[in-house]
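Protein chains in written order, with this note's numbering: chain A, 1 to 112; chain B, 113 to 584.
Calculated from the structure, these hints are not laboratory results.
By construction, the Cβ of each residue, glycine as well, lies at the ideal position given by its N, Cα and C atoms.
There may be inaccurate statements among the hints.
As the list claims (entries may be wrong) - A few chain A residues facing chain B, derived, Cβ under 7 angstroms:
1) Tyr46
2) Arg47
3) Gly48
4) Thr49
5) Tyr51
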Amino acid sequence: MKVIEMIIKPFKLDEVKDALIEIGVQGMTVTEVKGFGRQKGHKETYRGTEYTIEFVPKVKVEVAVPDGLVPKVVETIARAAKTGTIGDGKIFVRDLQNVVRIRTGETGEQAL
Amino acid sequence: MTVSRLYRVAILSVFVWALLFAPASGLWAQEAPVAVPPAASAQEVVPAQPVVAAPAATPAPVPPPKVDTGDTAWVLTSSALVLAMTVPGLAIFYGGMVRRKNALNTILQCFVVACLIGVQWVLWGYSLAFGPDKAHLIGGLEWLGLNGVGGDPNADYAATIPHQAFMVFQLMFAVITPALITGAFAERMKFSAFVVFILLWATLIYDPLAHWVWAVGGWMRNLGALDFAGGTVVHISSGVAGLACALVFGKRLGYGTERMSPHNLPLTVIGAGLLWVGWFGFNAGSAVASNALATSAFVVTNTAAAAAALAWMVAEWVYHGRPTALGAASGAVAGLVAITPASGFVGPVSSIWIGVGAGVLCYIAVVMKNRLGYDDALDAFGIHGVGGTWGALATGLFASKAVNSAGADGLFFGNPAQFGIQAVAVLGSWIFAFVGTYLILKVVDMTMGLRVTDDEERAGLDQSQHNEAAYS
Numbered sequence: 001m002k003v004i005e006m007i008i009k010p011f012k013l014d015e016v017k018d019a020l021i022e023i024g025v026q027g028m029t030v031t032e033v034k035g036f037g038r039q040k041g042h043k044e045t046y047r048g049t050e051y052t053i054e055f056v057p058k059v060k061v062e063v064a065v066p067d068g069l070v071p072k073v074v075e076t077i078a079r080a081a082k083t084g085t086i087g088d089g090k091i092f093v094r095d096l097q098n099v100v101r102i103r104t105g106e107t108g109e110q111a112l
Numbered sequence: 113m114t115v116s117r118l119y120r121v122a123i124l125s126v127f128v129w130a131l132l133f134a135p136a137s138g139l140w141a142q143e144a145p146v147a148v149p150p151a152a153s154a155q156e157v158v159p160a161q162p163v164v165a166a167p168a169a170t171p172a173p174v175p176p177p178k179v180d181t182g183d184t185a186w187v188l189t190s191s192a193l194v195l196a197m198t199v200p201g202l203a204i205f206y207g208g209m210v211r212r213k214n215a216l217n218t219i220l221q222c223f224v225v226a227c228l229i230g231v232q233w234v235l236w237g238y239s240l241a242f243g244p245d246k247a248h249l250i251g252g253l254e255w256l257g258l259n260g261v262g263g264d265p266n267a268d269y270a271a272t273i274p275h276q277a278f279m280v281f282q283l284m285f286a287v288i289t290p291a292l293i294t295g296a297f298a299e300r301m302k303f304s305a306f307v308v309f310i311l312l313w314a315t316l317i318y319d320p321l322a323h324w325v326w327a328v329g330g331w332m333r334n335l336g337a338l339d340f341a342g343g344t345v346v347h348i349s350s351g352v353a354g355l356a357c358a359l360v361f362g363k364r365l366g367y368g369t370e371r372m373s374p375h376n377l378p379l380t381v382i383g384a385g386l387l388w389v390g391w392f393g394f395n396a397g398s399a400v401a402s403n404a405l406a407t408s409a410f411v412v413t414n415t416a417a418a419a420a421a422l423a424w425m426v427a428e429w430v431y432h433g434r435p436t437a438l439g440a441a442s443g444a445v446a447g448l449v450a451i452t453p454a455s456g457f458v459g460p461v462s463s464i465w466i467g468v469g470a471g472v473l474c475y476i477a478v479v480m481k482n483r484l485g486y487d488d489a490l491d492a493f494g495i496h497g498v499g500g501t502w503g504a505l506a507t508g509l510f511a512s513k514a515v516n517s518a519g520a521d522g523l524f525f526g527n528p529a530q531f532g533i534q535a536v537a538v539l540g541s542w543i544f545a546f547v548g549t550y551l552i553l554k555v556v557d558m559t560m561g562l563r564v565t566d567d568e569e570r571a572g573l574d575q576s577q578h579n580e581a582a583y584s
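Start from the sequences, fold in the hints, and give me the full structure.
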C-alpha cells in the first residue's frame, strides 16, 4: 500500500477528484496549504507598500491505494492536474504500513 | 497587580467626581424654574447683531427667534449621519485595515470614543468649545452640563433650530475627530492609556480649537479664516495629532520586515462608503439650515469625493501599475477631507480641482511615509493632515462670494489676502495640535505608559487588551 500525496493548483481539485474516482479510488483527504517551489510568489501593494507573497495558495490531496493501483493513480493525477505552466505542483509517493477502518476494525488492504 | 488596581480606583473616582460635580454645577437647574431664559442669557453675554441695531430704530424688544421645522429636521438627520461616520463608518474603515489579531481593538477604539465624548461634550466639552468667549481662546464654564442650552435657538450659531440641536450636531464632530487619530497609533496602544489620552485630547486640544475657529469671539474666526465644516478643527488637528502619535509611539514590532497588509479590505471599502454617505451630514449639515447653501455643499462634497477617488486610482495605476480597492477608498476619503473646509464656499468645478489635488497629494504623502520611515499605521496624517491642509489652503484659492455671500473671495477670485489668512489658520492649527498632542502623550507615557508590552503586541490587542477574538 502507498500514500500518494499531491500538491496541486486549487482550481484543478475537482478535475483531479473526478479522474481519481473514475479509476476506482475510494476516498481522499484535502487540505488548503500554502507554499512555494520554482513558481515563487507574487506582489501585493497596499497604499504604496509592496509585499512579496512567497507562499502561494495550493491544495494538498492525500489518497491511500493498493500497490497495484499506484502507477495508474500517479499517471491520472499527472494528467488531470497539468496545465503546462509553472506551479502545477508535485506528487509524492510513500510506503504505507497499515490501515485500520475504525468502524469495523478491518486492517490492511481490506480497510482501504 | 497593584498598579492595575490603582487605575481602577482612578477611573472609578473620575465617575464619582463627575456625579458629585454635576449637580453642584447646576446640571439639574434646567428642571427647576429658571430665572433667566436661556436665549436671553445667551444674548446678554454676546449681543447678536439685531440687538445692537434695534435700540436706534425702535425700542421694542426683539421677538424670540423661531424654530424652523425643516432646518431642525435636517440638522438632526445630519447629526445622525455624522455619528454613522464614526460608528460604524470609521470603525470598520480602520478595522479592515489592521491585522486580524487587532481588528476588535481598532473597531472598539472608535466605538469607545463615541461613548467618551458623548458624555464629555454634555458635561464640559460643549461649554469649553462654544460657551461665552474668554480672551478669544476658550469658552467659559457657563454651559457646564448643558446648563441653559435648551430648546430655544441661539442666534449666534443657528437662529432657526433649537440650541440643543446645534449642540448635538457639534457633538458628532467632537466624536469623529479624536477617533480619526486612532489610525496613527493602531495595533500598539494600551487601552487604559487610550481612554485617558482621548479625554485629555478632546478637552485640551479639540475644545479650544473648535472655539478658536467656530465660536463667537474665537481668534481664528475673528481673523476671517474660512472653515465651513472643520478642515482645521477636525482634519488638520486629528491628522497632525496623528503625526505626533506616530513619532512618539515609534514603529509597530516587525514594521518593514513582517507583512502588515489589511486583513479585510471589503470591510474597509464598506467603511469608506459609509464615510462618504455620512459626509453629506458633515458638510451639507454645516449650513445648519435646509436651504440652497446646504444643497451646494452636498453637490461639491460628492463631486470632490468622486474626483479624488479617480485621481488616487490613476496616480497609483501610473506609478505602481495597478488601480486598487484600497486606493479608490482612500482617495474618496481624501477628497471628502479636502472639500470639508471649502464645501460652503466653492462651486462644483472648483471642487473637482480640490478633489484631484487631494487624491494626488495624499497618495504622494502615503508613499513618502514609507520612505521617511515613521509608522502612521493607517495614515491618519497622510490623509487627514495632508488632505486637511490642502483643503484649508484650497479654500483660500477657490472660495467665491457668488457661492456664499457670507464667505469671502479666494485668490482665484481676486482676493489673494484670503490665502494668507487661511495659511495663518493652518499654521496655528498645526503648531497647536502638534505641540499639544506631543505634551499630552509624554505626560500619559510617564504616568501610565502608552504602549503595550512586546508580548502583548505580538499576541494582538484583541487578546491582550480585551480577552476576545474577532474571528473565532
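- Of all the hints given earlier, name the ones this structure violates by number, lowest first. Every hint satisfied by this model.
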